[in-house]
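Taking the hints into account, I'd like the entire structure generated from these sequences.
Protein chains: 4
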Amino acid sequence: MDSPEGELIGRLVDAREFQRLRRIRQLGLAHFAYQAAEHSRFAHSLGAFHLATRTLAKLGAKYAIADADSTAIRVAALLHDIGHGPFSHVIEPILGFHHEDFTIQAVLSDETEVGNILRTYSAELPAMVADIIRGTFRPMALAQLVSSQLDVDRMDYLLRDSLMTGVKYGIFDLEWIIKSLEINDEDDQLYVSAPGVYAVEDYLQARYYMFRQVYFHRTLRSAEAILQSLLRRALMLHREARPVWNAVDTAFDKVLTGEKLSLPEHLSLDDVDVLFHIKRWQSSSDPILSDLAQRFVNRRLFKAYDLDMPEDERADFVERVREIADEAGFDPDFYIIEDKGGDVAHNFYVKDRVTPKNLIYVEDGFSRPQIREISEVSAAVRGLQTGYRIHRICFPAELKQRVAELYHS
Amino acid sequence: MDSPEGELIGRLVDAREFQRLRRIRQLGLAHFAYQAAEHSRFAHSLGAFHLATRTLAKLGAKYAIADADSTAIRVAALLHDIGHGPFSHVIEPILGFHHEDFTIQAVLSDETEVGNILRTYSAELPAMVADIIRGTFRPMALAQLVSSQLDVDRMDYLLRDSLMTGVKYGIFDLEWIIKSLEINDEDDQLYVSAPGVYAVEDYLQARYYMFRQVYFHRTLRSAEAILQSLLRRALMLHREARPVWNAVDTAFDKVLTGEKLSLPEHLSLDDVDVLFHIKRWQSSSDPILSDLAQRFVNRRLFKAYDLDMPEDERADFVERVREIADEAGFDPDFYIIEDKGGDVAHNFYVKDRVTPKNLIYVEDGFSRPQIREISEVSAAVRGLQTGYRIHRICFPAELKQRVAELYHS
Amino acid sequence: MDSPEGELIGRLVDAREFQRLRRIRQLGLAHFAYQAAEHSRFAHSLGAFHLATRTLAKLGAKYAIADADSTAIRVAALLHDIGHGPFSHVIEPILGFHHEDFTIQAVLSDETEVGNILRTYSAELPAMVADIIRGTFRPMALAQLVSSQLDVDRMDYLLRDSLMTGVKYGIFDLEWIIKSLEINDEDDQLYVSAPGVYAVEDYLQARYYMFRQVYFHRTLRSAEAILQSLLRRALMLHREARPVWNAVDTAFDKVLTGEKLSLPEHLSLDDVDVLFHIKRWQSSSDPILSDLAQRFVNRRLFKAYDLDMPEDERADFVERVREIADEAGFDPDFYIIEDKGGDVAHNFYVKDRVTPKNLIYVEDGFSRPQIREISEVSAAVRGLQTGYRIHRICFPAELKQRVAELYHS
Amino acid sequence: MDSPEGELIGRLVDAREFQRLRRIRQLGLAHFAYQAAEHSRFAHSLGAFHLATRTLAKLGAKYAIADADSTAIRVAALLHDIGHGPFSHVIEPILGFHHEDFTIQAVLSDETEVGNILRTYSAELPAMVADIIRGTFRPMALAQLVSSQLDVDRMDYLLRDSLMTGVKYGIFDLEWIIKSLEINDEDDQLYVSAPGVYAVEDYLQARYYMFRQVYFHRTLRSAEAILQSLLRRALMLHREARPVWNAVDTAFDKVLTGEKLSLPEHLSLDDVDVLFHIKRWQSSSDPILSDLAQRFVNRRLFKAYDLDMPEDERADFVERVREIADEAGFDPDFYIIEDKGGDVAHNFYVKDRVTPKNLIYVEDGFSRPQIREISEVSAAVRGLQTGYRIHRICFPAELKQRVAELYHS
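Here the protein sequences line up with chains A, B, C and D, keeping their order. Read in order, the letters of the first sequence correspond to residues 50 to 458 in our numbering. Read in order, the letters of the second sequence correspond to residues 50 to 458 in our numbering. Read in order, the letters of the third sequence correspond to residues 50 to 458 in our numbering. Read in order, the letters of the fourth sequence correspond to residues 50 to 458 in our numbering.
Hint data in this document are derived by calculation from the structure and do not stem from the laboratory. One or more hints might be untrue.
Because identical chains share one entry, a pair is satisfied inside a single copy or across any pair of copies.
As the list claims (entries may be wrong) - Result set (DSS-like, lysine-lysine): computed pairs, CA atoms no more than 27 angstroms apart in a straight line:
#, residue 1, residue 2
1, Lys228, Lys449
2, Lys352, Lys228
3, Lys389, Lys400
4, Lys111, Lys449
5, Lys389, Lys449
6, Lys352, Lys449
7, Lys217, Lys228
8, Lys217, Lys400
9, Lys107, Lys406
10, Lys228, Lys406
11, Lys107, Lys228
12, Lys228, Lys400
13, Lys352, Lys217
Predicted model, so just to flag it, every value in this text is computed and none were measured.
Listed below in structure tokens is the structure:
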């Protein structure tokens, strides 16, 4: 850590924007389902950085990699999540932004500590890191280490989340994959040599099951539904100029008023801001906001049922559940939530939805080896192509009996 | 979990006071030293409960244990930390209370969900649980499972903290200890049978090293020093009626004004309240508060030096460091902190400081076995009796060079 | 272990036939590929017994299970491998027997310690255990714990072999499967409830990859090819009355002469007998036997190539490799081995090759659950149905260059 | 592995003398006590080599290490156990040799594959490796990596044996020790820097407990007692020209006749030879040999009692047990074994018994650090200095009741 590059990494870790990641949980609300999954994006980012360092060392022993490129890749792995806000998956759709944009801005900005540290190190570094995150960096094979369907981000989070949740499905043979990584110089493309193919199959299955078992977990999604509802309610109250507690002159205040956040404001937000406001809202004069806040704080979550009925019956079923809620005095706009999960291309490896640069290539055949896209080679991966969609309805536990009767009728 | 006892446990876990433990980190600021040590008291409490269940099952196979006693022990293990506030080790000395008192109050109260749940289950249960935590319960041998030098609390947290920090010293052979637990009916005392003696030695060593390596870690203690300083500063500002941000009508507001908290107020506090206020204080008009808050949030911690000089030179050394601080414009009352750690009786197993009921007894000898206190039997445990005290001085990194010169001169 | 059943188990473990399993490696020659996979059938048998005990405890908490049935199931799990000989997969085809027959005989016999121990415990027990192993026991649902596509044998060996080889693919979520096991009383059939379906999918994938990566490993199969060749050679020499070292009056002597072994003779054989003879054969006057024995002892294994050419070219290719061997002075009958692995029905879960009683049934659907065979429910399992066959040619490393030229031409 | 040094290592691993280590169990008979401890010296030797490589990499980043020295250290770590015979701890005292001599001979010889491989690589290499094993190599600091109280041999076997036995005591923080290794250039001595001191304390405790709990385990020592007795009996029969089965013209034949083995003969022996002969001896015409062999094969081990009585009563007690044996028809010379374990200097770290070059040095003090021997610094290590001696008597289980009466009287 005494080399200039080592010092650079040390300074980036100490930067205020990176330290903020300690206050943003990696899995948002997953700890409501898996009690010990309380880890932060800080630990994950260090893990991704560590894997970038290891994969570069493996590739560097065989292929010529420029020092500046290697530095940029390692930095990009470290900083790839720096633009994330608290509870991103819930908040981004409400506020309409994408954390990757903030990551890129943070890297390029002269208002951020990380931006200044990078620029001081080398004038080109900020743009290189931004290109890696954008996916426009060349050599592409290196950028794929940080941003592709088989990148250090996914490899770290699957193993980490698997460990922290105790769900064994996420375990795959990381060592074997690293050992098998190669660069196809002709097409400037990463690929996995033949002995690593099973390990990649297993990795894709690990990813598939982690989505089904953890990231789409009923309890987690139900907690996110309440969080989303109560934020929508608070925004509505604010918009309608009805009283809603907020800490004035803070970034979160602007979130509530719907103003666009500046980069430093965005980079000051963390889980603490959201949770403190929700704690305060428990005593709101608005009964819906106060009720939802109390449910959230005390983990009185919604029930969630799979809409595994024929598709044409769903809308009708949802409508009738809304009526049940209404009759029982629950405003269906805030108490009945449809949860349609499964942005397939993002979550699973589905060949047809992925841009060519992100596809996973492997070496196939023993006597006359070729480099081919993995689903062409592996029946097991083809078996995962159909993906997995959830479509659920979430509602207060108080309605359980009436909804269950409707459901099983 | 369908038995009445199972339902009781389920309700207690769902109670608001227990859910609050999700928002209090088990190790306070240890994650500043060991990045992944971000786990909460919630997970630890479930772990202690699990160990209580297992040890009772082991003992119950051989000794007669009344159902009501067994239930009380399991409940006490589950709830033993329910009175903890955020960052207890730092805040309790400032505010002058002890979390065990709040645990006992919470169990006995009719203002808490847990109190009501217990009372509904059995009129005697609240008092029994309180007695276990107080150490006055009989049979004593059972209470020792929850509150003694070899209790499920310590056994869970050593293994859990060891896992989460990655520090291997905390590992001991839990299974062997459980297998070796016996009850000495004559003296109403737990003891460990001969085959488990090494495991107990190893457990005591694990505890010793975890204190040295984790709980007394320089970085952790330095972060606590800053936290303590900034809270003292905020209290002072408040006392002197100078402006300091606070969320009015909250329990934390009362903390700042020095008012005594009611039980429900105490039980509403968590890490979020403290952290949110500190985030706000970063922009305080008081330069000391704002500086300390920024250091804390962005992990610009104090340096810490061991005062391993002859005892009579210490006071003089500290005084001279305070002068260096003063000259450099740092108010020594808030920037120079002496850290004297090591409440030996609490942290280590030291025979002479422990009440007889809490001593660890083991079976000794092969041909004519006797039950004896472990340090009489084990040279290794006697070797740990001297304990370990830290005495450090913490100061801003800006002073490092000048203090170092003084230190090494 | 003080109950009569506990004593029974203790005696069976101490029986000479069970202790023999310490001298038979679980994975035969796998340690040539995975150096640490040196574990015995003894450890595996205890593991399977442990899982039988745990699954019975889980089922017994909900379903009525007769004590005698439970005992028989546990005993069958413990003894299921007792008839195995050394290097079974290689030796059984040569000598023409199946270890399950010996297991059943050992259980029923009055010449074995285990047989006598069982009979002393209960007159019915030997026949019950034999029925479980034969697959004719009723209730079938219980027998399936020991002998089906999802039995404690497979669950133990996948996890154990995965641990010992370091191959992560074999890891699946055992706890979740155990928690999800249920009995369909109507059809007397085990099934897995809905929350366990992913765990079963993962288990089947684990099995699939362990076969591909471990049990069919090139090095392991190549070592087996040499072992098979040298045993065939020794048998031939014996048949032709040419000198070949053997320890007279031992069971292995009879193996060499092709005589049928009595049960006690079979149950006296272990890895030691085979290895000692091969060590001696290193100095045989027959150059082929001595050469093969030296290769085996010193791990000078054959090379193995996948015959991944069009099927109609294979026979021709093999013929030409035999000619190459012949020209180089290697008798092709002993130095060129075709390895066609993959008895699909045994190794993988393929619906169409499994008898109905061994199929894996799971609960499917949330609103209107049904019990269905798993490949009907799971696309991932259907993806594994095509299985995996190996077809390789093994030859001495000395021929590598010439065979490689032929192969890549 | 494509560098000349990599090729050298590959050839050494493939050498016949190294492959033989696959057939010698690391822990001899420990699997009779810890069923899964079936691992070989082969795996351990690779582990020690791996640690040598890692520690050299750590030191090489800071200190100048000649390539030839580094190669010699790695080779010495790989080959350090190559002279071990089967069941060394039992057989060496009977036959009167020390395995280290054979290791040195094997390295220097031109009759061995390893000797020739080393000589071909470099004319100096064999002598350098031999010097390292003898302890006369310079720089001494490097040789200490392979042969000292804190060497890669011990570090590997403690962790490996701990893993394989399931005994948690053997776990220590390897990573921290490696990270803390430094070279004191002045005294040509390895030492451990201040942050690693606790890790070394923990390592020494791990060693202490592994001896008490595993290497001196009652069952293991009792099995060794039988093995020793039956070998003595076989030697006696041979000496007296009474019939005893042996495979003529083998190295083990010479062991029985008491002839001195040549180096290649010694290096052909392994567990298989010993076990095969014992299996044969089960049907010996000598009733003592046949009985002891059967006990060994079927794990009918001796009972063992600690002679924890006053020292002056021991001889008398042993004499009376011998009389009990005699009366019951057991020849006391072969059925009553005194087991005095605990060659303290070898097993534990005891400052006064260790040559200065093997002592463990650590950095002590924060303000004015010094390099000191660890027991001067650590009370915990001083606590282990008294060591631990076993003194037991082993006898047939048939005598248990009578000996127990005597023992407890």
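Hint check:
In this assembly of identical chains, Lys228 and Lys449 lie within 27 angstroms of each other by CA distance solely across copies; the values are 25 angstroms between and 51 angstroms within a copy. For the identical chains of this complex, Lys352 and Lys228 are inter-copy neighbours only, at 22 angstroms across copies versus 45 angstroms inside a copy, given an alpha-carbon limit of 27 angstroms. In the homo-oligomer, the alpha carbons of Lys389 and Lys400 lie at most 27 angstroms apart inside one protomer (22 angstroms), although the nearest pairing across protomers, at 33 angstroms, exceeds that limit. In this assembly of identical chains, the alpha carbons of Lys111 and Lys449 lie at most 27 angstroms apart only when taken from different copies (26 angstroms versus 61 angstroms within one copy).
In this homomeric assembly, Lys389 and Lys449 come within 27 angstroms of each other (Cα to Cα) only inside a single copy, at 20 angstroms, whereas the closest approach across copies is 56 angstroms. Proximity of Lys352 and Lys449 under a CA criterion of 27 angstroms is satisfied intra-copy only: 7 angstroms inside one chain copy versus 56 angstroms between copies. Both within a single protomer and between protomers do Lys217 and Lys228 lie at most 27 angstroms apart by alpha-carbon distance, with minima of 22 angstroms and 15 angstroms respectively. Taking the closest pair of Cα atoms, Lys217 and Lys400 come within 27 angstroms of each other both inside a single copy (26 angstroms) and across two copies (26 angstroms).
Proximity of Lys107 to Lys406 under the C-alpha cut-off of 27 angstroms is restricted to the intra-copy arrangement: shortest distance 21 angstroms within a copy versus 38 angstroms between copies. Taking the shortest Cα distances, Lys228 and Lys406 sit within 27 angstroms of each other inside one copy (21 angstroms), while across copies they are farther apart (40 angstroms). Taking the shortest alpha-carbon separations for Lys107 and Lys228, both the intra-copy value of 7 angstroms and the inter-copy value of 22 angstroms come in at or below 27 angstroms. Taking the closest pair of Cα atoms, Lys228 and Lys400 come within 27 angstroms of each other only inside a single copy of the chain (24 angstroms); across copies the shortest separation is 35 angstroms, beyond that limit.
Taking CA atoms no more than 27 angstroms apart as the test, Lys352 paired with Lys217 passes inside one copy only; the shortest distance there is 26 angstroms, against 36 angstroms between copies.
Hint check: no violations occur; every hint is consistent with the structure.
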